[in-house]
Amino acid sequence: KMGAELQGSEKLLAEFDTNQQQYARDHKEGFGGGTSATKFAEAYQGKDDLRNAVVVLTAEAETVMLGFCAESAEEGVNALKEWVSALQLPRGRLHGMDEEGVPLDMSTFGSVYIKYSSKGGQVFE
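When we follow our numbering, the leftmost residue of the sequence shown carries the number 29, and every step to the right adds one.
Treat the hints with caution; some may be incorrect.
Said to hold, decoys possible - Below, in silico cross-link-like pairs of lysine to aspartate or glutamate (DMTMM-like), each with a Cα-Cα straight-line distance of 20 angstroms or less:
1) K39 / E102
2) K147 / D133
3) K56 / E70
4) K67 / E57
5) K147 / E103
6) K75 / E110
7) K75 / E38
8) K147 / E110
9) K56 / D45
10) K67 / E43
11) K143 / E99
12) K143 / E110
13) K67 / D54
14) K109 / D126
15) K75 / D45
16) K143 / E102
17) K147 / E128
18) K75 / E102
19) K147 / E90
20) K39 / E99
21) K39 / D76
22) K39 / E103
23) K39 / D77
24) K75 / D126
No lab work stands behind these hints, which were simulated from the structure alone.
All values derive from a computational prediction rather than experimental measurement.
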């Protein structure tokens, strides 16, 4: 049976997700409404509540999956590291970031999408 804090966290994140998606559909700014979705998130007044809800759900989850869109690989990797550290998730190796153990120059990558799975084992070092 799910506790009240867990239920409240799940409800809060589901409502945020629904409202953000609706805002993106209504405003249609950027590819797929992405710019609108970002503006909605930036203006959202309950960011601390969202953070707390993510911490509560992560603590109870068997597997945590995260996705990061960023304008640069460096920005994406930094966001990944911050989230993984803050949520005390397992660290792994990041695919495609080195060649035979030598780090690649991330400045040439451009925009990125980074996927993380707490069961994946190969995310970043």
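Exercise for the section: For the pair supplied as a hint, K147 and E90, confirm whether the alpha-carbon distance does not exceed 20 angstroms. Expected result: holds (9 angstroms)
Exercise for the section: Quickly compare the C-alpha distance for K75 and D45 to 20 angstroms and report which way the hint goes. Expected result: holds (13 angstroms)
Exercise for the section: Given the hint that K67 pairs with E57, test it: the Cα-Cα distance must not exceed 20 angstroms. Expected result: The hint holds at about 9 angstroms.
Problem - 20 angstroms Cα cutoff - pair K67, D54 - result: holds (13 angstroms)
Problem - Restraint status (C-alpha distance of K147 to E110 at most 20 angstroms) - result: holds (18 angstroms)
Exercise for the section: Would you mind confirming whether the straight-line C-alpha gap from K143 to E99 stays at or under 20 angstroms? Expected result: holds (15 angstroms)
Practice task
Compare the distance between the alpha carbons of K75 and D126 with 20 angstroms, and conclude whether the hinted pair is satisfied.
Solution key: The hint is violated at about 35 angstroms.
Problem - Hint consistency between K75 and E102 [alpha-carbon to alpha-carbon, up to 20 angstroms] - result: violated (24 angstroms)
Practice task
Starting from K67, check that the Cα of E43 is at most 20 angstroms away, please.
Solution key: Given that 20 angstroms is the threshold and the Cα spacing comes to 17 angstroms, the pair holds.
Handout entry: Satisfaction of hint between E128 and K147, Cα-Cα up to 20 angstroms
Key = Measuring from Cα to Cα gives roughly 24 angstroms; hence the hint is violated.
Handout entry: Restraint check for K39 with E102, where alpha carbons must lie at most 20 angstroms apart
Key = Roughly 33 angstroms separates the two Cα atoms, so the pair is violated.
Practice task
Decide if the proposed pair is consistent with the structure: K143 and E110, CA atoms, cutoff 20 angstroms inclusive.
Solution key: holds (14 angstroms)
Violated hints, in rising order: 1, 2, 5, 17, 18, 20, 22, 24; the structure is consistent with all others.
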